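Heads up: the protein sequence lines correspond to chains D and H, in order. Residue numbers for the first sequence, in this note's numbering: 24 to 138. Residue numbers for the second sequence, in this note's numbering: -12 to 102.
A few chain H residues that face chain D, going by a derived Cβ cut-off under 8 Å, partial list only:
#1 F78
#2 E95
#3 G96
Calculated directly from the structure, the hints in this document are not laboratory data. These figures come from a predicted structure and were not determined experimentally. Yeah, the Cβ is synthetic: ideal placement off N, Cα and C, and Gly gets one too.
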Amino acid sequence: AQSVTQLGSHVSVSEGALVLLRCNYSSSVPPYLFWYVQYPNQGLQLLLKYTSAATLVKGINGFEAEFKKSETSFHLTKPSAHMSDAAEYFCAVSGSSSNTGKLIFGQGTTLQVKP
Amino acid sequence: DAGVIQSPRHEVTEMGQEVTLRCKPISGHDYLFWYRQTMMRGLELLIYFNNNVPIDDSGMPEDRFSAKMPNASFSTLKIQPSEPRDSAVYFCASSFSSGSTGELFFGEGSRLTVL
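Could you build all of it, start to finish, from the sequences and the hints given here?
Quick look at the structure:
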């Protein structure tokens, strides 16, 4: 069985500060891991994905995430927050060996960026 | 490609009425997913199809909910009769399985309000 836990349903940072959104996963098979972003009144968009090629993954808009197997984590970071980063962020996992196309999503973390 | 297309974007109806939500997946994608998003429960997978065949409908909340995929380019999610607790944003997503990493492409969503 696979699951994802996002620590903190709401994160608030100042503009220019480091963004850190936490995600821990549970998977009985080598996982594929994803971060999606949802802006208000829009669908989810892929930020980045880990597919076992490299543990540090760079995505769009300056975001990156590091896969740490020993910690079963896939935290999302950005060195300097911008006002436009305010959105909801979802971590998701799928099983690379099963390839059912089914993603398991976390509960989401709302990022607030203060001026 | 135009992406995943959902209609209607907004629907307001009265309790007891039938609601039909529509989805056109990305051409060539062989998986289609229906998700529901609410503040209380977050993002829930309702049902998904592979090659137009329902694979897992365990997330469908009640018999009032039904989903069909008559062909590779069209799917519907129907609620009959609708209830106020069905108010949510319903997302359709599609993906391509062969050689892929399971990335989902989401539509903009259909916001349903049942009065």
